[in-house]
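For the record, the sequence lines run as chains A and B. Reading the first sequence from the start, the letters are residues 1 to 233 in the numbering used here. Reading the second sequence from the start, the letters are residues 1 to 95 in the numbering used here.
Take these hints with a grain of salt, some might be off.
What the hints assert, rightly or not - Footprint (simulated), chain B over chain A, 3 or more residues, beta carbon under 8 Å: (1) 119–133; (2) 138–148.
As the list claims (entries may be wrong) - Chain B regions said to be covered by chain A (calculated; three or more residues, Cβ under 8 Å): (3) 56–64; (4) 67–75.
If you're looking for bench data, these hints aren't it; they were derived computationally from the structure. Every value quoted in this text rests on a predicted model; they were computed, and no experiment measured them. Yeah, the Cβ is synthetic: ideal placement off N, Cα and C, and Gly gets one too.
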Amino acid sequence: MKMKKILVISLLAVFGVYLAEALFQLDFGRQFFQQGVKDFYLVTTPTKLQVANVVTAIVVNFRGFDTLGEVTVLFLATTAMASVLYKGRHQLGERAVLFSGSRIVTTGSQLLFPAIILLGAYVFIHGHLTPGGGFQGGVIIATGFLLMLMAYADYSVSHIALSVVESLAGITFATIGLFGMVYGGSFLADFLPNGTLNNLLSGGVIPIIYIAVGFKVGAELTGLIYTALNEKD
Amino acid sequence: MIFYIVLIFFLLLLMIGAAVYSIVQKDLLYAVIGTGLISLVLSILFLLLQAPDVALTEAAIGVALTTIIFIITIRNTVRTEGETYTAKPLKKDAK
Chain A
1 MKMKKILVIS
11 LLAVFGVYLA
21 EALFQLDFGR
31 QFFQQGVKDF
41 YLVTTPTKLQ
51 VANVVTAIVV
61 NFRGFDTLGE
71 VTVLFLATTA
81 MASVLYKGRH
91 QLGERAVLFS
101 GSRIVTTGSQ
111 LLFPAIILLG
121 AYVFIHGHLT
131 PGGGFQGGVI
141 IATGFLLMLM
151 AYADYSVSHI
161 ALSVVESLAG
171 ITFATIGLFG
181 MVYGGSFLAD
191 FLPNGTLNNL
201 LSGGVIPIIY
211 IAVGFKVGAE
221 LTGLIYTALN
231 EKD
Chain B
1 MIFYIVLIFF
11 LLLLMIGAAV
21 YSIVQKDLLY
31 AVIGTGLISL
41 VLSILFLLLQ
51 APDVALTEAA
61 IGVALTTIIF
71 IITIRNTVRT
81 EGETYTAKPL
91 KKDAK
């Protein structure tokens, strides 16, 4: 047992030494550090891309492929959690919330629910103009559904509708990327006209991708909460 | 300016206090509320440091979703630290 541990640690040490050596030899990004990549982003984003929110432009336009990876990671995490917790359709009626809240709680949730959904939609539709974006808007929408699920014992969300919305949003994101490949020359290239600064319809593909990401994240997190709340031993 | 610095230091101290509280506290429900307080103060700090989109994310995920998932977990397992969780035997499918 002890021999095995020593062997593992020495193997990891050798691996780490070689990895560090290889990484120190790389010259990756050094010329951009000297030039100042932040100046490039801050100058290019409002003039060439016509996007007011620089963070959104970096996340969706310059680093669009990374965002696709992030969405995939979130999708895999929720799928794994659902596959662990989901126990079949016949047990879905059981809810960890056993009784509805008082009248004040239920009425207040009904009043707040449309406002929260509207705020989430506003955040992801205006992702290229104001702070926020697809992830933030989706999470806000999921908290709205969470409020309703906590307030009502018999509030239910259709799993099929959630997965349809999620899949359609994911397909939209990937299709936009493929269109960019056909018309712009590379995956997720900006092929739409950029419009004028501070208009709602500006920034090329950014609004479309962020609306898709907002729907996807909202549906995924709502499904995650719903599965977790229905899990009962 | 001095007010701004004092406010930031007060919020940082509040965060450290909440973190220590949630480590020391034996009742896990109170500990989870403590971690939610950390996230709330952190999102205010992000807003003060001019990162409004990070503040939005932190407020929605840290305060709401993470806390709720922890509370659901506590509800399905045990509430106080040191107690051991014994899983109930699974119900057999009626067939």
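Against the structure, the hints:
Residues of the segment 119–133 of chain A lying with their CB closer than 8 Å to a CB of chain B number 4, which satisfies the three-residue condition for coverage. Using a Cβ-Cβ cut-off of 8 Å, 5 residues of the segment 138–148 of chain A lie near chain B, which meets the minimum of three, so the contact claim holds. Check result for the segment 56–64 of chain B against chain A: holds, 5 residues qualifying (beta carbon to beta carbon below 8 Å, three or more required). Only residues whose C-beta sits within less than 8 Å of a C-beta in chain A count toward coverage, and the segment 67–75 of chain B has 4 of them, enough to reach three; the restraint holds.
Comparing the model with each numbered hint stated earlier shows that all of them hold.
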